[in-house]
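Same order as they appear, the protein sequences are chains A and B.
Numbering-wise, our numbering comes out as the position in the first sequence, counting from 1, plus 193.
Numbering-wise, our numbering comes out as the position in the second sequence, counting from 1, plus 630.
A hint or two may mislead.
[To be verified] Partial chain B-side listing against chain A, Cβ under 10 Å, derived:
1) THR647
2) ARG687
3) ILE719
4) ILE720
The hints are simulated quantities; they were obtained by calculation from the structure and are not laboratory data.
Computed from a prediction, not measured in an experiment: that's the story for all the values here.
Positions of the beta carbon are idealized from the N, C-alpha and C atoms, including for glycine.
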Amino acid sequence: MTNVPLLSVEGLTMRYGTRTGCADVSFDLHDGEVLAVVGESGSGKTTLLRLLAQELAPDAGRVRYRMRDGGVRDLATLDEAAQRLLARTEWGYIRQDATDGLRMSVSAGGNAGERLMAIGMRHYGQIRGAASDWLRRVEIDPARIDETPQSFSGGMRQRLQIARNLITEPRLVLMDEPTSGLDVSVQARLLDLVRGLVTELGLAIVIVTHDLAVARLLSHRMMVMRRGCVIETGLTDRVLDDPEAPYTQLLVSSVLAA
Amino acid sequence: MTHLPQLALEDVGKSFTLHLRGGVRLPVLSGLSFTVRRGECVALGGPSGTGKSSVLRMVYGNYRCDEGAIKVRDEGEWVDVASATPRRIIALRRRAMGHVSQFLRVIPRIGALDLVAAAGRDSGLDFEAADARARELLGRLNLPARLWTLPPATFSGGEQQRVNIARGLIGNHPLLLLDEPTASLDARNRAAVIGLARQRRDSGCAVLGVFHDAEVRAALADREIDLGRFTRVVAAEAV
Ligand SMILES: Nc1ncnc2c1ncn2[C@@H]1O[C@H](COP(=O)(O)OP(=O)(O)OP(=O)(O)O)[C@@H](O)[C@H]1O
Ligand SMILES: Nc1ncnc2c1ncn2[C@@H]1O[C@H](COP(=O)(O)OP(=O)(O)OP(=O)(O)O)[C@@H](O)[C@H]1O
Ligand SMILES: [Mg+2]
Ligand SMILES: [Mg+2]
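Required output: the full structure, derived from the provided sequences and hints.
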């Protein structure tokens, strides 16, 4: 276990014209750590994830990442090909809306296997085997490997996104409200799945959620955002049981029991 | 091993600011200092609301410590919980301190035995050892075996409390924080908890606890600290 963080974020700031997307956000994330990001709608959570994933360019600040060889790189200095490779191998990005994270007209097997092809695996049988393996791991019947996600339920689509992202065994996974819009029982199964994968694979995760119970269940640390700024951060149980900022107290008091 | 200080509070102060109540500040404690050595059990005393649970929670890093230092020994190194990073506190919880809270916070859909074993794995036991130790503890705490695979959400108060105690004890940490561990237990189970806690203390663990029950306190505590003396102004001051 190294002491160098996997991800190190410093002063990340981005504006959409005059509107603040994300203001001066800083944090470190180590291997196996789960960080929950909570905050009201429009507080900049998705913007933050997209900045981390290098899908948006910051106006200020930087994101450093510890590569597999141990070297720490400022992500903005990597060329596009290197960034793309990272995105396909080292990271996962589970989108809030599964239709943004999946290819809806491609089969489940194609979705799950795409990253393997992208990193140069050519053997069709191997790719199909790995895809079918991962479908099973996320509890999708491998018999449905040739169906497109059009015919999948919301929960199945989210699980397919997880399979599609985890097939290359990434070290860092970004999740944007992975359980919102799902029935409670479907949510529960998805959470159990994520919890299991976190312990089994030692993933580092940044998970955006509006559900404090999800944050309590999955995360070690929490970050509360408002108007683009981080207003409180700390151990998850500390933030939830002894919230300091007025807004965090409001957030915690508005749920029955998290 | 024994008699070495394991926990030291230095000039600890705590208050709550209730922003949803017009910013009222609720002072709880100030100037609290004491040490707990290995092989010793210290009880926190004082009337309801004096901050006994708050002290245990601050030591565990669950409540913020506003003033002073809370030093916990971790393999030869002192760590100040009041200023440590979350990551450091998580490591402390794995290796150095166990906490039995007043109420069990269950993880949904996980059976009692798994819940306890998971806490053991968190503190470094391998899969088999954690499972064996969890079975042993639940057995000694008289939790009926038919309940072991069930999630504790539907358990009675006393059953949940025993799962909670097993979770806190399984790690064999050098510091044990116990918040009313016998509150909802009958005489037989109270005796089982006393036996387990004593055994830990006598093998060199530092125990800090709140024991409402005089009999339990007499059986476990070597001395008592009355928090009433450190309680801040009685009436809350508005800011
Ligand atoms: N493409 C865009 N163009 C202009 N403004 C944008 C754009 N995307 C986001 N914003 C604005 O930036 C701010 C932060 O948006 P963001 O999507 O990061 O919020 P969020 O915390 O993810 O909210 P939600 O919980 O509703 O998903 C908002 O004020 C939003 O209106
Ligand atoms: N999270 C919190 N937010 C606000 N106030 C709190 C919080 N936790 C505790 N308090 C207040 O702090 C004071 C001390 O509470 P604490 O639970 O530590 O007392 P205690 O000595 O353990 O009492 P008891 O014997 O009843 O368990 C009480 O006035 C309580 O209302
Ligand atoms: Mg969003
Ligand atoms: Mg109490």
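| query | Which of the stated hints cannot be reconciled with the structure, identified by number in ascending sequence? | reply | none
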